[in-house]
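J.: The listed protein sequences derive, respectively, from chains A and B. Going by numbering that gives the first Met the number 0, the residue at position 93 of the first sequence is 92; the numbering climbs one at a time, nothing skipped. Going by numbering that gives the first Met the number 0, the residue at position 222 of the second sequence is 221; the numbering climbs one at a time, nothing skipped.
These aren't lab readings, by the way, just hints derived from the structure by calculation. Accuracy of the hints is not assured; some may be wrong.
Just a sample of chain A residues kept apart from chain B, beta carbon distances all over 12 Å, derived [to be verified]: (1) LYS1; (2) PHE11; (3) PRO13; (4) LYS14; (5) ARG21; (6) PRO27; (7) ASP35; (8) LYS36; (9) ARG37; (10) ILE40; (11) CYS46; (12) VAL67; (13) GLY68; (14) ALA71; (15) SER76.
One side only, chain A facing chain B, incomplete, derived with CB under 10 Å [stated by the list, open to error]: (16) LEU9; (17) GLU10; (18) MET47.
Fair warning: this is a prediction, and the values are worked out from it, not measured in the lab. Yeah, the Cβ is synthetic: ideal placement off N, Cα and C, and Gly gets one too.
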Amino acid sequence: MKYLLDVTSLEFFPKKCTGCGRCVDVCPHGVFAMRDKRAVITDSNLCMECGACALNCEFGAIKVDAGVGCAAALINSIITGGPPSCDCGGTTGSDCC
Amino acid sequence: MSSEWTKKDYWGAVRSRISAFRMRYAVEPGLYAIGEPGAESDVFVTANYKLSFDTVRKSLKGLNAWILVLDTKSINVWCAAGKGTFGTDELVKRVNEAQLDKIVNHKRLVVPQLGAVGVNARAVQQATGFRVHFGPVYAKDVPAYVNAGYKKTDEMRLVKFTMLDRLILTPMEINPSMKKFPLFALIALILFGLQPSGILFKDAWAGGLPFLLLGLAAIFSGAFITPVFLPFIPFRSFAVKGWIAGMIFTSAIMKTMSLDVLPAISSYIFFPLASSYIALQFTGSTTFTGMSGVRKELKIALPVYLIFTALSVILLITDKLSQWNVI
């Protein structure tokens, strides 16, 4: 399943890539693949911005604005002005996630 | 620790899917033994959400292994990794606390792949000497992964989102909406019952009942139908999907009722939008929607919700005032 097209904040800098394959290993949507011993992006529209690739790329070849893609969290952040959080107020009755 | 599930485990799994019970369904963080593990046995890392822990131990049936449970405040691996509680620091802390280097003679930690959102493998290795292997997404693939020499197939890397997966999530979509329903019902009944002479129960019921039904239908279409039939409803936007589903239900119910023109228009405006809003909440539960997309949807949808909800209320009030011959 694919979500909205051309919205992802995923950025890949091929020059920094050493071809370790970690991004291919951690991406749950197959956004990366190995070609000629380097990583390539197969389809950036598959990206859900979870951030696993960027966190685990030792060479800084990937940048992504990772965060919770939850409408309630984003609405809360608009109301409170804080960062989007999944905690829904932090009460034990939380129904998020 | 047994790899078998008891009746209590099954009941707990059901309860955690339908209520806030999930926020208390936890196991104590720390190191657990499955079977009779020794110094050579693998260490599998998981969250202290009991359903996560139970899923892992069930998948390790017949194996001798260690399970290292991180304190994620009873949240599953993926969500906790997103928040950072299933993360590098917590993993390093638990490895040290359990004195893992004295328990096993190898340097392998198998972390669920989705944990990579919070775990920096390199940083863990620098801090503990243990090498993080990101295992399969699903615990059920762990035995095959281990047998293949800690190698994943492409299939094991990909997260799925089947109709059954979506169906299981719907109770937790319906619940929060139903919590707001009594307030909506109260407002609707008061509005319809309100007369110059006071609130008439008979009017409240006769006028309000269609609205209560339409409200329930909006919740059903937004929190159940849209998630379950997600890929079959046209357009990528969840707000649009929810609106389409809501419009179908609203139209179907409106055909069986004979509302006046203004309340009818008001209904056609409000209820599909309510369904749309509820469907948009499901973005928080899917396995494929990202923050930038949701942000884009909200930017357009929120003003639409606010403006048209106001419009539908104005229409209802206009209707009310004309009944009273004020205008």
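J.: Does each hint fit the structure? Answer for all of them.
T.: We went through each hint and held it up to the structure:
1. Consistency note on LYS1 of chain A: stated as away from chain B, yet its beta-carbon is not over 12 Å from all of that chain's, at 7 Å minimum.
2. The non-interface label for PHE11 of chain A is consistent with chain B: the shortest C-beta to C-beta separation is roughly 16 Å, beyond 12 Å.
3. At the 12 Å boundary, the C-beta of PRO13 of chain A stays outside the reach of chain B, the nearest C-beta of that chain being 20 Å off.
4. With a least CB separation of 20 Å from chain B, LYS14 of chain A remains clear of the 12 Å interface cut-off, as annotated.
5. For ARG21 of chain A, the condition that its CB be more than 12 Å from all CB atoms of chain B is violated, with the nearest at approximately 7 Å.
6. Distance to chain B contradicts PRO27 of chain A as a non-interface residue, since its nearest Cβ pair spans about 4 Å, not more than 12 Å.
7. The claim that ASP35 of chain A is not at the interface with chain B holds, since no C-beta of that chain comes within 12 Å of its own (minimum 18 Å).
8. No beta-carbon of chain B is positioned within 12 Å of the beta-carbon of LYS36 of chain A; the least distance is around 18 Å.
9. The beta carbon of ARG37 of chain A sits about 18 Å from the closest Cβ of chain B, which is more than 12 Å, so the claim that it is off the interface holds.
10. With a closest Cβ-Cβ approach of about 15 Å to chain B, ILE40 of chain A is found to remain outside the 12 Å limit, as its non-interface label requires.
11. Chain B draws CYS46 of chain A into its interface by the beta-carbon criterion, the shortest separation being 6 Å against a cut-off of 12 Å.
12. Some Cβ of chain B comes within 12 Å of the Cβ of VAL67 of chain A; the nearest lies about 6 Å off, and the non-interface call is violated.
13. At roughly 4 Å from the closest C-beta of chain B, the C-beta of GLY68 of chain A falls inside 12 Å, breaking its exclusion from the interface.
14. Listed as outside the interface, ALA71 of chain A is inconsistent with that label: its C-beta sits roughly 6 Å from the nearest C-beta of chain B, within the 12 Å cut-off.
15. Residue placement check: SER76 of chain A does not keep its beta carbon more than 12 Å from all beta carbons of chain B (closest about 10 Å).
16. Taking 10 Å as the C-beta contact cut-off toward chain B, the hint placing LEU9 of chain A at the interface holds, the least distance being around 9 Å.
17. For GLU10 of chain A, the interface hint is violated, the least distance from its beta-carbon to any beta-carbon of chain B being 12 Å, above 10 Å.
18. Annotation: interface hint on MET47 of chain A holds; nearest CB of chain B at approximately 4 Å, less than 10 Å.
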